[in-house]
Amino acid sequence: MKRSFLNIFAVAAIGLAVVSCKNSNETKTTEAEVVAVPEATAQKYTVLTDASTIEWKGSKPAGTHFGTINLESGVLNVLENEIQSGTFLIDMTSIEVNDLEGDKKASLEAHLKGTAEGQEDHFFNVAKFPTGAFEVTGVTTDAEGKMMLSGNLALKGKKNNITFPVSLTTNGDDLTLTSESFNIDRTKWSVNYSSKTVFGDLGDKFVNDEIELKIVVKAKKA
1 MKRSFLNIFA VAAIGLAVVS CKNSNETKTT EAEVVAVPEA TAQKYTVLTD ASTIEWKGSK
61 PAGTHFGTIN LESGVLNVLE NEIQSGTFLI DMTSIEVNDL EGDKKASLEA HLKGTAEGQE
121 DHFFNVAKFP TGAFEVTGVT TDAEGKMMLS GNLALKGKKN NITFPVSLTT NGDDLTLTSE
181 SFNIDRTKWS VNYSSKTVFG DLGDKFVNDE IELKIVVKAK KA
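Read left to right, the sequence shown gives residues 1 to 222 (UniProt numbering).
Since the hints were made in silico from the structure, they are not lab data. Hints are supplied without guarantee of correctness; some may be wrong.
[As the list claims (entries may be wrong)] Cross-link-like lysine-lysine pairs, in silico, BS3-like; alpha carbons within 25 Å at most:
no. : residue 1 : residue 2
1   : 214       : 28
2   : 44        : 218
3   : 188       : 156
4   : 146       : 214
5   : 57        : 159
6   : 188       : 128
7   : 205       : 57
8   : 57        : 104
9   : 220       : 44
10  : 105       : 146
11  : 156       : 28
12  : 156       : 44
13  : 128       : 57
14  : 128       : 105
15  : 57        : 221
16  : 60        : 221
17  : 57        : 28
18  : 60        : 104
19  : 221       : 44
20  : 156       : 214
21  : 196       : 158
22  : 214       : 159
23  : 28        : 60
24  : 60        : 44
25  : 220       : 60
26  : 214       : 158
27  : 205       : 104
28  : 214       : 57
29  : 28        : 188
30  : 28        : 158
Given only the sequences and the hints, what does the whole structure look like? Please build it.
Okay, here's the thing in structure tokens:
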């Protein structure tokens, strides 16, 4: 009896640990907010799109896929090593899958982009919504001293405000903005394909609502 109780306790503890790990990088999502305006003395940086990237990761019971999305353009305004404002355009037509090759890679990319016949609105429907955007609305510091970047993320014609941890470094005329990994709930942007919170009869044929993202932005003084 004692051993059974200990086993149950151990399973419960592991479960709590898994939940804690999952929740630790969940992103606060709220309604869109007013875009930040820089001070006149802020330094403008232009994003180097060839050196910047958004890494993504999605999962389902059968496994995980990951890849990248490119930035189309962007600017950051910085004053005394603090972000004042910024706007980034995201090239949704550049969605790439990096864990597959050949026909499987091409098939999943077409599925995510919605370019396959009959799958136009399964995920991102890039023919209709080729560009996403992120607009900085503010920067705060959390209890651990981390810089928290807030901004309006626009995808598929929907806009929500998200907040996630970032670090900022400068070296001469060069700037690097790097986020920690964070999750967004895709259904907040009407990306509902095979979501078990939207559709109730999927069994184990669902795709998790959470998309994990990590952002690296390289920029140079304008």
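Legend entry - Structure versus earlier hints - violations, ascending order: When the structure is compared with the hints, numbers 10, 12, 15, 16, 24, 25 turn out to be violated.
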